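Protein chains: 2
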Amino acid sequence: MKTDNIKSIAVVAAVIVTSEGILATQRGSGDFKDKWEFPGGKIEAGETPEQALMREIREELDLEIRIDSFLDTVDYTYPDFNIKLHVYVCSVISGILNLKEHKSLKWLKSDGLYSVEWLPADKVILPALENYLENVTVDKKDDMPAYTYLQEGHFALLRKPVPHIVNPKDAIVRVTLSSICTSDLHIKHGSVPRAVPGITVGHEMVGVVEQVGREVANVKPGDRVTVNVETYCGECFFCKNGYVNNCEDQDGGWALGCRIDGGQACYVRVPHADMGLNRIPDNVTDEQALFVGDILATGYWAARISEIKEEDTVLIIGAGPTGVCTLLCVKLKNPRKIIVCEKSEERIAFIKRHYPDVMVVKPENCKDFVMQESAHGGADVVLEVAGADDTFRLAWECARPNAVVTVVALYDKPQVLPLPDMYGKNLTFKTGGVDGCDCEEILRLISEGKIDTTPLITHRFALDEIEEAYRVFENRLDGVIKVAVNEN
Amino acid sequence: MKTDNIKSIAVVAAVIVTSEGILATQRGSGDFKDKWEFPGGKIEAGETPEQALMREIREELDLEIRIDSFLDTVDYTYPDFNIKLHVYVCSVISGILNLKEHKSLKWLKSDGLYSVEWLPADKVILPALENYLENVTVDKKDDMPAYTYLQEGHFALLRKPVPHIVNPKDAIVRVTLSSICTSDLHIKHGSVPRAVPGITVGHEMVGVVEQVGREVANVKPGDRVTVNVETYCGECFFCKNGYVNNCEDQDGGWALGCRIDGGQACYVRVPHADMGLNRIPDNVTDEQALFVGDILATGYWAARISEIKEEDTVLIIGAGPTGVCTLLCVKLKNPRKIIVCEKSEERIAFIKRHYPDVMVVKPENCKDFVMQESAHGGADVVLEVAGADDTFRLAWECARPNAVVTVVALYDKPQVLPLPDMYGKNLTFKTGGVDGCDCEEILRLISEGKIDTTPLITHRFALDEIEEAYRVFENRLDGVIKVAVNEN
Numbered sequence: 026m027k028t029d030n031i032k033s034i035a036v037v038a039a040v041i042v043t044s045e046g047i048l049a050t051q052r053g054s055g056d057f058k059d060k061w062e063f064p065g066g067k068i069e070a071g072e073t074p075e076q077a078l079m080r081e082i083r084e085e086l087d088l089e090i091r092i093d094s095f096l097d098t099v100d101y102t103y104p105d106f107n108i109k110l111h112v113y114v115c116s117v118i119s120g121i122l123n124l125k126e127h128k129s130l131k132w133l134k135s136d137g138l139y140s141v142e143w144l145p146a147d148k149v150i151l152p153a154l155e156n157y158l159e160n161v162t163v164d165k166k167d168d169m170p171a172y173t174y175l176q177e178g179h180f181a182l183l184r185k186p187v188p189h190i191v192n193p194k195d196a197i198v199r200v201t202l203s204s205i206c207t208s209d210l211h212i213k214h215g216s217v218p219r220a221v222p223g224i225t226v227g228h229e230m231v232g233v234v235e236q237v238g239r240e241v242a243n244v245k246p247g248d249r250v251t252v253n254v255e256t257y258c259g260e261c262f263f264c265k266n267g268y269v270n271n272c273e274d275q276d277g278g279w280a281l282g283c284r285i286d287g288g289q290a291c292y293v294r295v296p297h298a299d300m301g302l303n304r305i306p307d308n309v310t311d312e313q314a315l316f317v318g319d320i321l322a323t324g325y326w327a328a329r330i331s332e333i334k335e336e337d338t339v340l341i342i343g344a345g346p347t348g349v350c351t352l353l354c355v356k357l358k359n360p361r362k363i364i365v366c367e368k369s370e371e372r373i374a375f376i377k378r379h380y381p382d383v384m385v386v387k388p389e390n391c392k393d394f395v396m397q398e399s400a401h402g403g404a405d406v407v408l409e410v411a412g413a414d415d416t417f418r419l420a421w422e423c424a425r426p427n428a429v430v431t432v433v434a435l436y437d438k439p440q441v442l443p444l445p446d447m448y449g450k451n452l453t454f455k456t457g458g459v460d461g462c463d464c465e466e467i468l469r470l471i472s473e474g475k476i477d478t479t480p481l482i483t484h485r486f487a488l489d490e491i492e493e494a495y496r497v498f499e500n501r502l503d504g505v506i507k508v509a510v511n512e513n
Numbered sequence: 026m027k028t029d030n031i032k033s034i035a036v037v038a039a040v041i042v043t044s045e046g047i048l049a050t051q052r053g054s055g056d057f058k059d060k061w062e063f064p065g066g067k068i069e070a071g072e073t074p075e076q077a078l079m080r081e082i083r084e085e086l087d088l089e090i091r092i093d094s095f096l097d098t099v100d101y102t103y104p105d106f107n108i109k110l111h112v113y114v115c116s117v118i119s120g121i122l123n124l125k126e127h128k129s130l131k132w133l134k135s136d137g138l139y140s141v142e143w144l145p146a147d148k149v150i151l152p153a154l155e156n157y158l159e160n161v162t163v164d165k166k167d168d169m170p171a172y173t174y175l176q177e178g179h180f181a182l183l184r185k186p187v188p189h190i191v192n193p194k195d196a197i198v199r200v201t202l203s204s205i206c207t208s209d210l211h212i213k214h215g216s217v218p219r220a221v222p223g224i225t226v227g228h229e230m231v232g233v234v235e236q237v238g239r240e241v242a243n244v245k246p247g248d249r250v251t252v253n254v255e256t257y258c259g260e261c262f263f264c265k266n267g268y269v270n271n272c273e274d275q276d277g278g279w280a281l282g283c284r285i286d287g288g289q290a291c292y293v294r295v296p297h298a299d300m301g302l303n304r305i306p307d308n309v310t311d312e313q314a315l316f317v318g319d320i321l322a323t324g325y326w327a328a329r330i331s332e333i334k335e336e337d338t339v340l341i342i343g344a345g346p347t348g349v350c351t352l353l354c355v356k357l358k359n360p361r362k363i364i365v366c367e368k369s370e371e372r373i374a375f376i377k378r379h380y381p382d383v384m385v386v387k388p389e390n391c392k393d394f395v396m397q398e399s400a401h402g403g404a405d406v407v408l409e410v411a412g413a414d415d416t417f418r419l420a421w422e423c424a425r426p427n428a429v430v431t432v433v434a435l436y437d438k439p440q441v442l443p444l445p446d447m448y449g450k451n452l453t454f455k456t457g458g459v460d461g462c463d464c465e466e467i468l469r470l471i472s473e474g475k476i477d478t479t480p481l482i483t484h485r486f487a488l489d490e491i492e493e494a495y496r497v498f499e500n501r502l503d504g505v506i507k508v509a510v511n512e513n
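Quick mapping for you: the protein sequence lines, in order, are chains E and U. When the first sequence is numbered by the working numbering, its final residue is 513 and no position is left out of the sequence of numbers. When the second sequence is numbered by the working numbering, its final residue is 513 and no position is left out of the sequence of numbers.
Read the hints as simulated data drawn from the structure, not as lab findings. Nothing here was measured: the structure is a model prediction, and the numbers come from that model. Watch out, some of these pointers could steer you wrong.
Put simply, identical chains are the same to the list, so a pair is met inside one copy or across any two.
Cross-link-like lysine-lysine pairs, in silico, DSSO-like; alpha carbons within 30 Å at most [stated by the list, open to error]:
#1 K265 / K392
#2 K392 / K377
#3 K131 / K356
#4 K125 / K438
#5 K265 / K362
#6 K60 / K128
#7 K358 / K265
#8 K128 / K32
Isolated chain E, as found in the complex (with noise of 0.2 Å):
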């Protein structure tokens, strides 16, 4: 007996939306010629749906897309086959639509998406979005400058379109203020090997929230907001540990500016923005607030983790952006004792200026600096923040038995974790990146005065500028040590 099962088949279809409106093809030819349907195809051998999707409309429209978000999926039976048909909600990266497979294109809107007749499977999705294009305005708005990652060592000041509320929990942010982290040019040159190309980069920034979705309760548009490097939903296992920058949510952790679309940009799209949004009180300006949701929380963070106490002598290796960061916070435990190493004569000139009750020490002479500075054989604390061939070893050499070493650096290559010769020395390493969730908390301390971050702002550029502004930060011309970007 002949067992006559009926094939079963995996598609995928993507819903792209662009300021025009949402994108629906012709067929021009086979069984449902003349039929309407989201663009898309079969999934092949090995691929997951999202590669599928991407090649698929490579082929079918020569457009490079990023899939925004999962939409539904929908199992239709036809009477031949079944399938089942992976839909996602998508954005145009680059290249000019060519139709290569479909004899025709209409931009609906969404009060006209029954306006055509759809291949049966894909009309089953129209409810789905509908109930998804509620929560979205699909944005009238001109397209916007926004400086991108298109591909190892290069950036690019692009147009592309405003972004939009793709999930209820987005706000979309106007960019008043940004900067330029280290971490952009490790994207720019190729080290953060989940950065995708395409996106647009910058997760140091401020601005005023424009427009939020109907779940967000904590801001609101014309909200003056710090937003936070990372992404997360404040519901997991990790977040409701403090954890966040191990958020699972799929936009969970470092998201913006290296997965998702970041703020070197006029606009930005905040996902769990109650999350991610914190309010500026309305006595700290832009400017005292840009580092807040990044670099300071970053000090913040590795501050609080390092169980600094009053009795302490506490040694920070790097006083690079982060580090006087790191330093700042470092600063409200009240130690006995800071030491900062540097080798930079300008670095080092610009602690002794500001911080002048701050020790300073160059990595040659911070062994028996330190030493000497520590009543029990070394550092109670050391925190890493420079990073550099040497700095880990450093670190905890520097550090006294049962000392906390948290290393706040990132490097480029592994580190040597000599344990033999550390045996018995009982050290406590902390590692990892930011955790972001004490904003609120840093924004408190700024207005009361407690933490000034405006010293590390040297230049100040434009939007339109920000090629010139990478420059000099990048190449560490003209003293500067952070740059502020100013919407155009």
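Following the hints, position chain U against chain E.
Structure of chain U alone, referenced to chain E:
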């Protein structure tokens, strides 16, 4: 004008104490012919006082000595020169006394110190020596067997003098039961550089207090006691913070059986006896208490610092004796799941037989198994107690983000800490050796039936059979886990 400086000479002298008494030697020539002195001589360029003393005694008496205690420094002005005389109390390690420079010797009892005509400088130290001897019984007993580290690769059962009180905080303990630890093997094979050749090994033992110095308050002769692997003063910064492994005392940390004579012998001298000895409750046998001071203290410490919560999945890598002790102490924290990773079939069978509620997995399946059994992408806590080639990597790979990874194992080689790969995983690494200051609490738990390490004792030997005990333990013969070595 000629400046007529008086020459100043740095010299060392040894108060050599044996069961015969205190060694005095008589000069056979020179200005002070026929006068008596403590043997010694000038410190040569580049020598420490201790090195000079050991060399001089070798040259003058053909003896190898160990320096037990610094006694005093005397400044004395002779007509033509000054001397600065550093005096140490010493024991004989090996050699047959042979007078190569002196004409005669005497063994003085403590009440006969003034019975010879001393050199003037040597006479000055007699009051300090008398004061010292008040707290010391120059032991009249026979010598005893003591298992001794001769040189890399070689241990031997020698006969040595029974130890005596050299400091008022010392106790002498008659060792009723001892064990062999993997660290003893590390000493044997030269991988513990600070281990001193000539030392009696052994740092896991219980016994009966034989004698106490006048400042010992917590134990008295006749008390059954556990002996702590670590010597600690209880008063320095590190001790006050519970970091007794880094006690600043000269004997602080792991000294017994490493830098001072240990317990694979009939008697052991325990410095800081009030800290290092704990009375064994009456309902606890010697075998039940045998591991309290070392591997069980290690397991208890590791579980204590690992921040284990009841909802956690805990991974323990390695089911050797310390791994099993760690397991027993982790069980006291009642985590949701405990997974033990072990490669030896024998040890896997041991875990399954004795602890059926614990999951066991082999290294090659460990990561997948842990992921499957964990709620949040890995173990919440990892304790690395194996110290094999790949187990450090396995430890951090099996940890969930923000986990605590406690490194209990002692490694032969430096480990690689691939911080770029684990960036954002935010792991905390706790490294080091046991801070063994919980023995009283551990004894209480044993007394209450909450910890039982007796299944670990698979083999029993007498002290005279210790070479065979090492052969079995080192070669893992006959299913051995731990051996118990009884007094003869």
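Alpha-carbon proximity between K358 and K265, which holds within one copy, between copies, both or neither at 30 Å: Both, since 25 Å and 22 Å are each at most 30 Å.
Within, between, both or neither: K265, K392 at alpha-carbon 30 Å: between (39 Å within a copy, 25 Å between copies)
Homo-oligomer pair classification [K362, K265; C-alpha up to 30 Å]: For K265 and K362, only the inter-copy Cα distance (21 Å) is at most 30 Å; the intra-copy one is 34 Å.
Within, between, both or neither, where K125 and K438 count as close if Cα-Cα is 30 Å or less: neither (45 Å within a copy, 61 Å between copies)
Status of K128 relative to K60 across identical chains (alpha carbons, at most 30 Å): within (10 Å within a copy, 120 Å between copies)
Identical-chain pair category, K392 with K377, by Cα at 30 Å: within (20 Å within a copy, 49 Å between copies)
Within, between, both or neither, where K131 and K356 count as close if Cα-Cα is 30 Å or less: neither (60 Å within a copy, 66 Å between copies)
Up to 30 Å CA-CA - K32 versus K128, copy category: Result: close within a single copy only, 28 Å intra versus 109 Å inter.
In terms of the numbered hints stated before, the structure departs from hints 3, 4, listed from lowest to highest.
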